[in-house]
Amino acid sequence: MTKDKELELIRILEHHGRIETDVLAKMLDENEEDVKTGMKKLEDEKVILSYGAIIDWNKVTTEDHIAAMIDVKVTPQREVGFDEVAARIQRFPEVTALYLMSGTYDLSVMVEGQTMEGVARFVSNKLSTLDAVLSTTTHFRLKKYKHDGVIFDQEEKDRRMVVSP
Amino acid sequence: MKQQTMQTTPKKKRLSRAASSIEPSGIRRFFDLAATMKDCISLGVGEPDFVTPWNVREASMASLEQGYTSYTSNAGMIELRTAIGEYMLDRFGVDYDPEEEMIVTVGASEAIDLAIRATIDPGDEVLVATPAFVSYEPLVTMSGAVPIPVPTDASTDFKLTKERLEAAITDRSRAVILSFPNNPTGAVMNDVELQAIAEVAEAYDLLVFSDEIYAELSYDTQHTAFSALERMRDRTVLISGFSKAFAMTGWRLGFVCAPTDITQAMLKIHQYSLMCAPTPAQHGALEALRNGREIVEKMTNSYRARRNYIVHALNEAGLSCRFPGGSFYAFPSVEATGMDDETFAEQLLIEEKVAVVPGTVFGKGGEGHVRCSYATSMDALQTATARIEAFVQRHAQ
Ligand SMILES: Cc1ncc(COP(=O)(O)O)c(C=O)c1O
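Sequences listed follow chains A and B, in order.
According to the numbering used here, the first sequence is numbered sequentially starting from 1.
According to the numbering used here, the second sequence is numbered sequentially starting from 1.
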């Protein structure tokens, strides 16, 4: 598969991870075996990390789904900078995303849980108690409007009319 | 109380010969039928399935907030014309003077009408490479001139050939209308192929109306602007617009680039009939040109994947279909079913609820083919092609 085709494949998969390989092959004008090999290669190279779905949880469970973004200030460590403390934080199952930031704080930690207490417990018992952590500021998410490029609660209606010519 | 009026039968004719002489568009009948059906998948729509990019919509709203609600200059905002000039030079290598050689029009549609009205006299003949966009022939007719179809066909990948064009030329031929990438065939012509047409244009002193509205939607090759060919600038009227590439059909905004004598003649008609193109749309278009390149590329990539898909799927379904190089239409042959294109389209709609447009609507060259627009979701394309396959299997000869 050429580099261009590979890029096209990646672009398509980013948006339609679930698409069948025979359809993909047609979209790429390639044969199906090559597409399968190409996907395997991208998976092996860890370019494709996982095939996920973006879910609007509010629509499927009555259980609360709490998410918070926590701004964390840390003391960077000699040699490893922020990586060591990040390596510890990213392993907590509550943490769904972790970014190193520039600006007034260092790490942005996304935490998801079922109750506000659960999230609070995580922050006070686990996150704040790490040696390198200087301070935390927790922001609870109130509503999800857009996530990973997908706008929630947007009915995609085809408004095109049938007009001549 | 209702006023009693004496009804008199008008004795003078009420309709102009021009209006009486043309037929309503042939696409409409199918759409009227499709509109009454539930779960119908339409591959009949000739416009992008994307909504206009947000930055463009936003720029237009901002212009309204700032109170830009009056007429612009007749030829269009000079900032917009300048941006069009830079865009055409950068993208297609053609250089036009925004002051003199350019008019912003109400869609490419108006530009086509103006080009014909400004240059063609009653009785002149205008050659139209068909299958073609449905407006060309009626517009020629309404100007009092005579459209002469020059059919292309599958044997030349729906490209116009020098021989075909030459064969249609008479003493009264004044101009030829070209549109590549083409609606409905998706055919594109490269510089060498266009050069052959240029030679005929020169030999017979023809004007060339080159409708390049699908230029951005060329999937495999770089688009060649007709006026970029040697010695063609002075006889070319280049027509384009924002509808297709920028997903701005409803904005009604196009433009035309041509030598000064022609644009100035067109401008006279434009100024009396339309005054100027809509102002909010012009502000939106300016944003589209300044910051729209990336989005156009994204949309084009998406069309390319869908083109690849539909062409493979149609061939697998038993309808032979070439790989169209541009626009967003596939134009398969329906020969395998033994039906003519009108019957095929009608039966497919009734039996499988998939709307396609019969090729003859676009001129004689379209016979035996149907136009399938792939500017629709992958889901819809998959369902539509599965239904087409079932239909073809049932009717295969
Ligand atoms: C070849 C061609 N030219 C012109 C137009 C009309 O474009 P506009 O919306 O700019 O009037 C179309 C629309 O389908 C077309 O296919």
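In short, the hints are calculated from the structure, not lab data.
One or more of the hints may lead you astray.
Unchecked claim - If you want a taste of the chain A side facing chain B, the calculated C-beta under 8 Å gives, among others: (1) 18; (2) 26; (3) 27; (4) 66.
What the hints assert, rightly or not - Lysine to aspartate or glutamate pairs mimicking EDC-like chemistry, simulated, CA-CA at most 20 Å apart: (5) A:3 with B:297; (6) A:126 with A:79; (7) A:3 with B:220; (8) A:143 with A:158; (9) A:5 with B:352; (10) A:41 with A:56.
Beta carbons are placed, not taken as given, at the ideal position from N, Cα and C, and that holds for glycine.
Each hint tested on the structure:
With a cut of 8 Å, the hint placing residue 18 of chain A at the interface with chain B is violated, because the nearest CB-to-CB distance is about 11 Å. For residue 26 of chain A, the shortest C-beta to C-beta distance to chain B is roughly 4 Å, which falls under 8 Å, so the interface hint holds. This hint holds: residue 27 of chain A has a C-beta 4 Å from the nearest C-beta of chain B, less than the 8 Å allowed. Hint status for residue 66 of chain A: violated, given a least beta-carbon distance of 31 Å to chain B, over 8 Å.
Proximity of residue 3 of chain A to residue 297 of chain B is assessed by CA-CA distance (about 17 Å); at most 20 Å being required, the pair is judged to hold. Simply put, residue 126 of chain A and residue 79 of chain A have alpha-carbon atoms about 24 Å apart, too far for the 20 Å limit, and the pair is violated. Simply put, residue 3 of chain A and residue 220 of chain B have alpha-carbon atoms about 16 Å apart, close enough for the 20 Å limit, and the pair holds. Taking the CA atoms of residue 143 of chain A and residue 158 of chain A, the gap is about 26 Å. The hint is violated against a cut of 20 Å.
For the given pair, residue 5 of chain A sits about 34 Å from residue 352 of chain B by alpha-carbon distance, which is inconsistent with the 20 Å threshold. A C-alpha spacing of about 31 Å is found between residue 41 of chain A and residue 56 of chain A, which places the hinted pair above 20 Å, so the restraint is violated.
Violation of the numbered hints given earlier is confined to hints 1, 4, 6, 8, 9 and 10; the remaining hints are satisfied by the structure.
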